[in-house]
Amino acid sequence: MTTAPCTDGSAPDLLGTLAADHATGALSTHSGIFYLAAGHVVHVESAHSPDLGDLLTRSGAVAPAGWWEAVQRAGALHRVGRQLVDSGRLSTGALELCHLGALFDAAYFALAHDGTALRFRPGVAHWLGAVRPVPVATVLRESRRRRDLLHRIWPDPAVDTAPLRRAAGADPAELPPRRGRTLALVDGGRTAAQIASALACRTFHTLVELRRLAADGLVTPAPPPPATPVHSVPETDGAAWDEPDTALLRRLLDALEAL
Amino acid sequence: MPGIDESLLEAMRLPGARGALVVDWISGLALGAVGEAPGGDAEATAAETAELARQAMESSTLAPAVDGAGSAGKDRPAEDLILTSADSYHLLRFVVTTFDSTVFLYLWLDRADGNLALARIRLADMADRLVLG
Numbered sequence: 001m002t003t004a005p006c007t008d009g010s011a012p013d014l015l016g017t018l019a020a021d022h023a024t025g026a027l028s029t030h031s032g033i034f035y036l037a038a039g040h041v042v043h044v045e046s047a048h049s050p051d052l053g054d055l056l057t058r059s060g061a062v063a064p065a066g067w068w069e070a071v072q073r074a075g076a077l078h079r080v081g082r083q084l085v086d087s088g089r090l091s092t093g094a095l096e097l098c099h100l101g102a103l104f105d106a107a108y109f110a111l112a113h114d115g116t117a118l119r120f121r122p123g124v125a126h127w128l129g130a131v132r133p134v135p136v137a138t139v140l141r142e143s144r145r146r147r148d149l150l151h152r153i154w155p156d157p158a159v160d161t162a163p164l165r166r167a168a169g170a171d172p173a174e175l176p177p178r179r180g181r182t183l184a185l186v187d188g189g190r191t192a193a194q195i196a197s198a199l200a201c202r203t204f205h206t207l208v209e210l211r212r213l214a215a216d217g218l219v220t221p222a223p224p225p226p227a228t229p230v231h232s233v234p235e236t237d238g239a240a241w242d243e244p245d246t247a248l249l250r251r252l253l254d255a256l257e258a259l
Numbered sequence: 001m002p003g004i005d006e007s008l009l010e011a012m013r014l015p016g017a018r019g020a021l022v023v024d025w026i027s028g029l030a031l032g033a034v035g036e037a038p039g040g041d042a043e044a045t046a047a048e049t050a051e052l053a054r055q056a057m058e059s060s061t062l063a064p065a066v067d068g069a070g071s072a073g074k075d076r077p078a079e080d081l082i083l084t085s086a087d088s089y090h091l092l093r094f095v096v097t098t099f100d101s102t103v104f105l106y107l108w109l110d111r112a113d114g115n116l117a118l119a120r121i122r123l124a125d126m127a128d129r130l131v132l133g
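Protein sequences appear in the order of chains A and B.
With this note's numbering, letter number 191 in the first sequence gets 191, and the count goes up by one each step, no holes.
With this note's numbering, letter number 129 in the second sequence gets 129, and the count goes up by one each step, no holes.
Don't read these hints as lab results, they were simulated from the structure.
Keep in mind that the hints are not guaranteed to be accurate.
What follows is a list of derived Cβ distance ranges for each label pair [to be verified]:
id, chain 1, residue 1, chain 2, residue 2, range
1, A, H22, B, I82, 41 to 49 Å
2, A, W68, B, Q55, 21 to 29 Å
3, A, R147, B, A86, 36 to 44 Å
4, A, V124, B, A65, 48 to 56 Å
These numbers were taken from a predicted model, which means no experiment stands behind them.
Built from N, CA and C at the ideal position, the CB exists for glycine as well.
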């Protein structure tokens, strides 16, 4: 039933059921929230990706004061998107492009980390309002495609979550602009999500650049912090941690490319 | 003020237009699609044109000289891509946005009926108005 407050099914399965039922409401997973209206996805939020407000204000496309004024004036009416356009702060096309970018970015992370659906709250709407609703099937298919795309570039998911380290001699100036800007922020401490946030970029697009950098040997996941000396498993700690994995992954990559 | 669909429908009014897409060139996702797609598969067209677009945007050799284009040159290595075949013109026009966005307009033109020069100028205009209003 779509009105069930709790569920332990997989998020893709439940989203499919909600779409078939033309449901309206908010479905939470461990890493994000899907907002549905009449069975279509109208918005997705995830803590792992910057939201629409971050993308618009931190890039300078909309002044922060203008963004918050729109939220205050139209938030309760669930018409913030419409308000941004009607007040002349953003064109319809710019709002749609930025909104879809944020929606698919968040959907990837809302489904990627743990596909379990936690809770569906019927009737709940997002304050942004409907900008360009997307069929559930499109969102699920695109999230799967994105997972495959990252895997094809460089099959090491640790790049997406671990603090990242720059290889000696890696020079951002020699790279395409987006990749160079991404590499410049790899400092041994920041994770992919933190680099995306610092650049006001979508996180998935930053993951693509980081996996390409990893494939070129310019970036590696940093070894786990030395603050947890677990001497009972000596073969997994210290600086030797990533070397065997890297070698294995390179062999895997070679084998995949040879197919 | 045009949104994605209005821009695509406007592109379809060009002589010889068979199909139009708005595509993200990093993910390969079609954000909007109108008309036919080469091979009948808009998603495959989006993914494959995105790969062409990415190669063009990552080319340092073909980018404009820094003197000629100022600081914008490095961030805007290409404006459009044109691919011709025996029966078609394929046009890609990059959309410039202030926020982080990596999209282009794609237009598939029938070679017998299409006017490449006109389509290129109009597509550039549509790409500007899509984000500027």
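Hint by hint, here is what the structure shows:
no. : hint                       : result
1   : A:H22 x B:I82: 41 to 49 Å  : 43 Å, holds
2   : A:W68 x B:Q55: 21 to 29 Å  : 40 Å, violated
3   : A:R147 x B:A86: 36 to 44 Å : 37 Å, holds
4   : A:V124 x B:A65: 48 to 56 Å : 54 Å, holds
Consistency note: the structure conflicts with earlier hint 2 alone.
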